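Chain Y is already provided as a structure; the job is to place chain U on it using the hints.
Just so you know, the sequences run in chain order Y and U. Heads up: the first sequence begins at 1 in the working numbering, then just goes up one per residue. Heads up: the second sequence begins at 1 in the working numbering, then just goes up one per residue.
Calculated directly from the structure, the hints in this document are not laboratory data. Since we're looking at a predicted model, the values are computed, not measured. Wrong hints could be hidden among the right ones.
[As the list claims (entries may be wrong)] With a straight-line cut-off of 27 Å between C-alpha atoms, the simulated BS3-like cross-links for lysine-lysine are: (1) Lys-184/U - Lys-102/Y; (2) Lys-198/Y - Lys-129/U; (3) Lys-46/Y - Lys-129/U; (4) Lys-295/U - Lys-129/U; (5) Lys-93/U - Lys-51/Y; (6) Lys-186/Y - Lys-176/U; (7) Lys-129/U - Lys-51/Y; (8) Lys-225/U - Lys-93/U; (9) Lys-46/Y - Lys-86/U; (10) Lys-81/U - Lys-111/U; (11) Lys-51/Y - Lys-322/U; (12) Lys-356/U - Lys-176/U; (13) Lys-53/U - Lys-46/Y; (14) Lys-111/U - Lys-198/Y; (15) Lys-173/U - Lys-322/U; (16) Lys-51/Y - Lys-184/U; (17) Lys-129/U - Lys-201/Y; (18) Lys-201/Y - Lys-111/U; (19) Lys-46/Y - Lys-93/U; (20) Lys-51/Y - Lys-188/Y; (21) Lys-235/Y - Lys-135/Y; (22) Lys-46/Y - Lys-111/U; (23) Lys-86/U - Lys-188/Y; (24) Lys-111/U - Lys-51/Y; (25) Lys-201/Y - Lys-53/U.
[Claimed, not checked] Distance ranges between label pairs, derived from CB positions: (26) Ile-183/Y - Asp-213/U: 50 to 56 Å; (27) Met-194/Y - Glu-258/U: 56 to 62 Å; (28) Lys-257/U - Ile-142/Y: 34 to 40 Å; (29) Lys-184/U - Lys-135/Y: 39 to 45 Å; (30) Val-217/Y - Asn-236/U: 57 to 63 Å; (31) Lys-342/U - Ile-28/Y: 41 to 47 Å.
Glycine residues also receive a C-beta, built at the ideal position from the N, C-alpha and C atoms.
Spelled out from the first residue to the last, the chains are:
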Amino acid sequence: MKMLSKILKKQITSTIIALLFGFLVAAIVLAIAGYNPGQAFGALFKGMLSKPKYISNVIIKATPIILTGLSVAFAFKTGLFNIGAEGQYVAGSIAAVLVGVKLNLPAVIQVPLVVLAGVLGGMVFGSVVGFLKAKFGIHEVITSIMLNWISLYLSNFIVSSQAYHLPNSTSTYPVNESSYTMILPKWKTSDAGMAALKPNKWLYEMMLKTDVNVGIVIAILMAVVIWVLLYRSNKGYELRAVGFNRDAAEFAGINVNRNIVQAMLIAGALSGLAGALSITGIAPHKISTLAAFENYGFNGLSVAMIAGSSPIGCVFAGLLFGGLLYGGQSVQQEVGAPTEIINIMIGTIVFFVALTKVVPALAERLEKRGVGHAQ
Amino acid sequence: MKKIVALLLASVMAVSATACSNSSTTSSAASQATSAAESQAEASSTAAKTDFKVAMVTDTGGVNDQSFNQSSWEGLQQFEKDTGAKVSYTESKQESDYATNLDKAADDGNKLIWGIGFAMADAITNAAKANPDINYAIIDNSYENTPSNVTGVVFRAQEPSFLVGYIAGKTTKTNKVGFVGGIKGVVIDQFEFGYRAGVAYAAKELGKTITVDSQYAESFSDSAKGKAIASKMYSNGCDIVFHAAGNVGVGVIEAAKEAKKLVIGVDKDQSYLAPENVLTSAMKLVNKAIELVSKDALEGKQIGGKTYDYGLTEDAVGIPEKHDLMSDETYNAAIALEQKIKDKTITPPANEQDFKTFEASLK
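One chain only, chain Y, in its complex shape (with noise of 0.2 Å):
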């Protein structure tokens, strides 16, 4: 019985208690919607999994949600709730293609100042956030969801501004190609690399069917970084403490103001990473006029629920995540269920997970029953 409690109190355990009963629901939903619930689990397993290409494209789906995750989780942690991570990610976004269209220098140096005017876009808009709630004490939620549509118009003004729009397209220019991520775009398309590739069919189908970019190894290595300033470090110390109890901290002599602006600051540096990320490393390296968000930082989000502010549990649940979001197109294109039915899937399980808190509370009621029994 103290084995079971213990184990149940894990984190983990919760989590996995709750992915297994939002498949569970799922399954008695899409059974009451007239889909075989083994067919469609069948056809989104198959659709992440059963091939490197799908993998491949998995991981490129997760990127940006575990970066967008991260920076939810950082916020979180900081005691801010980051609902701004969509209007952070689309602000980074702009920056890029503002950058990435106009300068073309050798990629050297163009990437990184791609991508780093797309962390500075992101930045911008967490500063602002942080900067209003240290001053005037405006609730971030409020500043972040009103900055989220201020992003979203920005966006579409960007779109149809002369410099920037492609004629006869809902969309601006690309950037240009100096400045894409992927792994080796020129050589892979190219003859030579055609037939170097060829040999090896998983790498060949990996390399050309997919944009695998580097955006996985950045966004590993952030959530490192982001663990290591957290746990390991003083600034990550006093980040936390202004989490846990703001009086507290202050009254220890921790400058509360500061801390919220940094932590808004870094926050957004993160979701505008994303945002560069994807316009660098996917195609089609452009924004296009948006009519709603892409829920880019709203998975994110849900990524930090699963992962429980975790910074490295964002990336197996970003990965998570992305899988459900592109294994569900094959539910879709396999047994023919509306994206309705899915987003309920995927929306059940993360509600099970935010219920995760009931299990612990479980483990207790267990334990003093046993002590009960024992008496």
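Just chain U now, kept in the frame of chain Y:
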């Protein structure tokens, strides 16, 4: 505890008992159904080619967009009914989904893959390059150099626009009509200048001047903006407004409802949105085109490497038969005009330059 177990057991038994009786009846019913289906299939086996698979990938509008994605899916479903081919669709949620969705559709063994909308033009050419043995087709796009396994499908939208322009010219009482466009470009130019030419044609017939107010919403989705633009046009004296702006048009129709003025729908017969206000619609039947091209592909015709150009002659564009809000005389005149376009005695202009020559020829 025992009570609970007993209750559970009882309920399990009850369920299994009903399940037994159910399953036996349903299975016999099912076998009947399948035999019926088989005999039907045998009857129409000449048309049935079940190994042919067609998929479509929507743009970010999704499959229920009240516009061309929905229309395309309807076309494919009709195609499935007629031929027995297997059809499926995938919705794109983000622009970056185009490439991956097209790739999945290729893995799924489809022989023909549709991309809906010119936004997918680049994604389609890339996919076609990677899968030379699969045919790709795209709505609303023609390439300068069409790859041998890609088919472009475009519409002569200026033709129905000319007809609705003519109807508007004949119906207007204020001698002022409006046009609301989405984002300026080749496709929307067809609508605008076809419409303008139709209005000019009617004005000449009636021997008066009719002005056309034209404005762009710079969006295909912002219906609030469509409403604002159209409201302004109505209060400035326009009594009929035509829109070619996707979802923006929903706002235009709303404005017409509020102002109790007339509006002309687009893409499909939009009179169901406002039966009292929608005068007519410039229909662009994407579903028809999808059916025609898919059938050609099924029959093994060479469809790649060229662009299909659909217009009135192919019945892929037109105006609805219903005409409660206009006089029979106007409607019949429009139908006569339709014949003239089919005969090529009139060629509606598709861009500003052609429109200027057309206008000059009227004088």
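Hint-by-hint comparison with the structure:
Distance check on the hinted pair: Lys-184/U and Lys-102/Y sit about 23 Å apart at the alpha-carbon level, within 27 Å; holds. For the hint pairing Lys-198/Y with Lys-129/U, the CA-to-CA distance comes to about 15 Å; that is within 27 Å, so the pair holds. As the CA atoms of Lys-46/Y and Lys-129/U are separated by approximately 25 Å, the hinted pair is consistent with the 27 Å bound. Only pairs whose Cα atoms come within 27 Å are accepted, and Lys-295/U paired with Lys-129/U is accepted, the gap being roughly 23 Å.
With a C-alpha separation of about 22 Å, the suggested pairing of Lys-93/U with Lys-51/Y holds against the 27 Å cut-off. Proximity of Lys-186/Y to Lys-176/U is assessed by CA-CA distance (about 55 Å); at most 27 Å being required, the pair is judged violated. Distance check on the hinted pair: Lys-129/U and Lys-51/Y sit about 20 Å apart at the alpha-carbon level, within 27 Å; holds. Restraint check for Lys-225/U and Lys-93/U: the C-alpha separation of about 23 Å stays at or below 27 Å, so the hint holds.
Distance restraint check for Lys-46/Y and Lys-86/U: the Cα-Cα separation of roughly 20 Å lies within the 27 Å cut-off, and the hinted pair is therefore satisfied. Restraint check: the Cα-Cα separation between Lys-81/U and Lys-111/U comes to about 18 Å, which is no more than 27 Å; the hinted pair holds. About 53 Å separates the Cα atoms of Lys-51/Y and Lys-322/U, which puts this hinted pair outside 27 Å; it is violated. Taken as a hint, the Lys-356/U and Lys-176/U pair is honoured in the structure, with Cα atoms around 19 Å apart against an allowance of 27 Å.
For the proposed pair Lys-53/U and Lys-46/Y, the alpha carbon gap of about 20 Å is at most 27 Å, so the pair holds. Distance check on the hinted pair: Lys-111/U and Lys-198/Y sit about 24 Å apart at the alpha-carbon level, within 27 Å; holds. Straight-line distance between C-alpha atoms of Lys-173/U and Lys-322/U comes to about 21 Å, which keeps the hinted pair within the 27 Å bound. Between the alpha carbons of Lys-51/Y and Lys-184/U the distance comes to roughly 42 Å, so the proposed pair goes past 27 Å and is violated.
Of the supplied pair hints, the one linking Lys-129/U and Lys-201/Y holds, its CA atoms being roughly 17 Å apart against a limit of 27 Å. The straight-line distance between the Cα atoms of Lys-201/Y and Lys-111/U is roughly 22 Å, inside the 27 Å bound, and the hint therefore holds. Taking the CA atoms of Lys-46/Y and Lys-93/U, the gap is near 20 Å; set against the 27 Å cutoff, the hint holds. For the hint pairing Lys-51/Y with Lys-188/Y, the CA-to-CA distance comes to about 19 Å; that is within 27 Å, so the pair holds.
For the hint linking Lys-235/Y to Lys-135/Y, the alpha-carbon distance of about 20 Å falls within 27 Å, and the restraint holds. Note on Lys-46/Y and Lys-111/U: the hinted pairing holds, with a Cα-Cα distance of about 21 Å set against a maximum of 27 Å. For the proposed pair Lys-86/U and Lys-188/Y, the alpha carbon gap of about 34 Å is over 27 Å, so the pair is violated. The straight-line distance between the Cα atoms of Lys-111/U and Lys-51/Y is roughly 20 Å, inside the 27 Å bound, and the hint therefore holds.
With a CA separation close to 25 Å, the supplied pair Lys-201/Y and Lys-53/U stays within the 27 Å bound. Between Ile-183/Y and Asp-213/U the CB atoms are about 53 Å apart, so this pair conforms to the stated range of 50 to 56 Å. A hinted range of 56 to 62 Å for the beta carbons of Met-194/Y and Glu-258/U is consistent with their spacing of about 59 Å. Lys-257/U and Ile-142/Y have their C-beta atoms about 35 Å apart, which keeps the hinted 34 to 40 Å range intact.
Range check, Lys-184/U to Lys-135/Y: Cβ separation about 44 Å, and the 39 to 45 Å hint holds. Checked against the given bound of 57 to 63 Å, the beta carbons of Val-217/Y and Asn-236/U, roughly 58 Å apart, stay inside it. Against the hinted window of 41 to 47 Å, the Cβ-Cβ separation of Lys-342/U and Ile-28/Y comes to about 56 Å, which falls outside the hint.
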